[in-house]
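Chemist: Sequence:
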Amino acid sequence: MTRTSAEIRTAFQQFFAERGHEVVPSGSLVPGNDPTLLFTNAGMVPFKEVFLGREDRPYQRAVSSQRCVRAGGKHNDLENVGYTARHHTFFEMLGNFSFGDYFKRDAIRYAWAFLTEVLELPAERLWVTVYEEDDEAAALWLEDVGVDPARFSRIGAEDNFWSMGDTGPCGPCSEIFYDHGPEVAGGPPGTPEEDGDRYVEIWNLVFMQYDRGGDGALTPLPKPSIDTGMGLERIAAVAQGVTNNFDIDLFKRLVAAAAELAGTQDTEDSSLRVIADHIRACAFLIVDGILPSNEGRGYVLRRIIRRAVRHGYKLGIAEPFFYRLVGPLNQEMGEAFPELPAAQATVERVLRQEEERFRETLEQGLRLLADDLATLEGDTIPGDTVFKLYDTFGFPVDLTADVAREQGLHLDMAGFESAMSAQRERARAASTFRAEYGGAADFGGTTHFSGYEVKEDAAEVIGLYRDGGAVNALHAGETGMVILDRTPFYAEAGGQVGDSGELLAQGVHFAVDDTQKYANARGHIGRLTEGVLQLGDAVDARIDQDRRHRTTLNHTATHLLHAALREILGEHIHQKGSLVAPGRLRFDFSHFEPIATDALQRIELLVNAWIRRDEGADIFETDYDSAVELGAMALFGEKYGDRVRVVRFGDFSTELCGGCHVPRTGRIGLFSITTEAAVSSGVRRIEAVTGEAAVEQLQQARETLNSAADRLKTTPDQLLPRIDQEIIKSRDLDRELGRLQQRLATQAGQSLADQAEEVAGVKVLAVSVESGGDSLRETVDQLKNRLGSGVVVLAAVADGKVRLVAGVTKDVTDRIKAGDLINVVAEPVGGRGGGRPDFAQAGGSQPEAVPDALKQVLPWVRARLEQ
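Under our numbering, the residue at position 514 of the sequence shown is numbered 514, and the numbers go up by one with no gaps.
To be clear, the hints were calculated from the coordinates, so they are not data collected in a lab. Be a bit skeptical, because a hint or two may be false.
[Said to hold, decoys possible] Here are the simulated DSS-like pairs of lysine-lysine, each with C-alpha atoms no more than 30 Å apart in a straight line:
id, residue 1, residue 2
1, Lys252, Lys223
2, Lys517, Lys455
3, Lys801, Lys855
4, Lys576, Lys388
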């Protein structure tokens, strides 16, 4: 009986539920409290703390179908997806678990019963392996279950002994393989031919029975446990009688949907399989709260999205398409994972925005890569070329590697890494002065901060640094850093910039430009303008009070902005970074789309309303758990101890913060947003000003408005209608210019079209033209429209370089691919190119060979059309 993937998932959970197992829903793809993992990559990850004895569950047996991703870090299958039958970025792991309850006998019996009785797999198709020293498991399989000894083998520790790490729980494994039959290449497990596709591992039973100590010694666990894993996609392929996972029902709908978007019926195309795989990973990563970014999990998500988009581009999909596969995915998996349909709109919006942002980079990168490949000698793309595409144009290295792989080329990764290292050195050389005093991190003293209460304080010099090293004295004219035993100067932290000011003593003046933290000390960085400053000297430390005041206005306003964003945009808003300076504030936060103008206005109005309420600052210390119960928000980048400082304003803002604030919100006066923009995908940035700076901004805006009205000879209240008139006039002129350009292009196209020759009902044109650049592509489009059914190749020579473009009408792309054709023409002129089935381009360095190259087009096309 053939079962669907959904039926197998349900049958597996029901089988074990009937045997006393708790059905546990899939955990998040983001491992909880496990910094060692980028993603949940195995079914046992949500139970890791249980196996380690750090967490208790109200059950001793569990069964789950866990969502997993292997696309980053140690477990990374991304590069293999699309090229093998069984690699995926996203997969489901079926698993049954025993936490000190049953052990080997029951685990083996359960597995055999499910495979042979529930799924009705023939026993003669199953092959079993055990760890070479596990006589107990061997006896259970051979004597208890009755597995044929001819289909049984013992395997070494590399494949059949599992461990959670270098130390801790571990134990032998028993793996079950399915034999697809002699018509498929490959040998049994443990033989030199085992890497073939005939024998496929479908289930791994881990017998967790030892604790490995630091010396490598194995001690029996008091409560041996069971952890099993069976990939749903693999067992579905077996149950459905196919050898490729992409032929199972889980993927058929997705492949078909992608093929429809691409306008192709070739569902065996590896690009379709890449897209079908990637939409599952991307959708569920977004469901679990990950957004595309340039670091960590968000960067892996971005890589997967971009890889899918590149394969769509390769298939000739000209418009954003990836988000359109969320609907078909929802139909396939929404019932099993209701969190997917609940988040469908968000997932679609995030994917569409990311693809739209990337398409321009993709087209530019592919064009530049094609130009470089046109003059490539040998089969290796130089590292500096890979680095230029990555660093200057934002073209991902893995996509360059994908293109290279498809064309039989390699990347000079050593050269790329060398270029990256050189860039890092340049960045380090250009780093700020703070690095000069890195040695102060080892300073053993402590500075007491008194700046919450006072703006001026008497202090003693306990540390001096110059040119990166500790000294006993600073002399007039020298720059350096002074460490005091106590200070009113706030050291940069939590986004708030360090204070400036001065240190004074008899005949001594030290101008403080900045204040930084170094372990428990506070470093006052600046220049000694007068006298000699020595260790042990007493000084009067005075901050720049006006600068501090303006900074506190912006810091409190940042808290109010954070609260307003969460109230108006939603609870998904979280701080991703901030800058609190005297002249402005900058706030970075998680959000997946630009903020509409009306929403920005509401945010600004709400902050100003809270300012007018003139709420007093309620600032106190408490323990961390109590602060969280009060609803306090923890700020990005901060580390909190047992005691934390809570800053609360009314009932609208409560945060953990060590910064400086106004005593009442009314002191802020006015809050004005200056910009809202993207920092990276999924992260937005708002910049704003307060107090006097906000008033100055409004005055400047009024002056700009009046000047614009004067230039257009109107009044400010009539400025918009006057601008509309000018826009209409400009559009009319643009239309007229476009009509003239279209007329010229049509005349040129008509002239060239007359030169086309007909082959098997298809018109073929291969000529040299004088135009170049983007006009070549426009001319190809004109000719394709005019020919109706045709193949076009145009060549242009400029500055000793050859530019080639090829176009194929849609009705012919099943027989003629523009990418294949362009390489035929490019090779004689010393080039190489690529592109979509309907359009491709290339470059070359031998203009004298253009006539002979073009002569190859007609016979090459004829050979394929007349097959």
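Chemist: Lys517 and Lys455 were given as a pair; does the straight-line alpha-carbon distance stay at or below 30 Å?
Modeler: The given pair, whose Cα atoms are some 18 Å apart, holds under the 30 Å limit.
Chemist: Would you check the hint for Lys252 and Lys223, treating anything up to 30 Å between C-alpha atoms as holding?
Modeler: violated (44 Å)
Chemist: For a C-alpha distance cap of 30 Å, please report whether Lys801 and Lys855 respect it.
Modeler: Judged against 30 Å, a Cα distance of about 19 Å means the pair holds.
Chemist: Do the alpha carbons of Lys576 and Lys388 lie within 30 Å of each other, as the hint requires?
Modeler: Measuring from Cα to Cα gives roughly 29 Å; hence the hint holds.
Of the hints listed earlier, the one the structure fails to meet is number 1.
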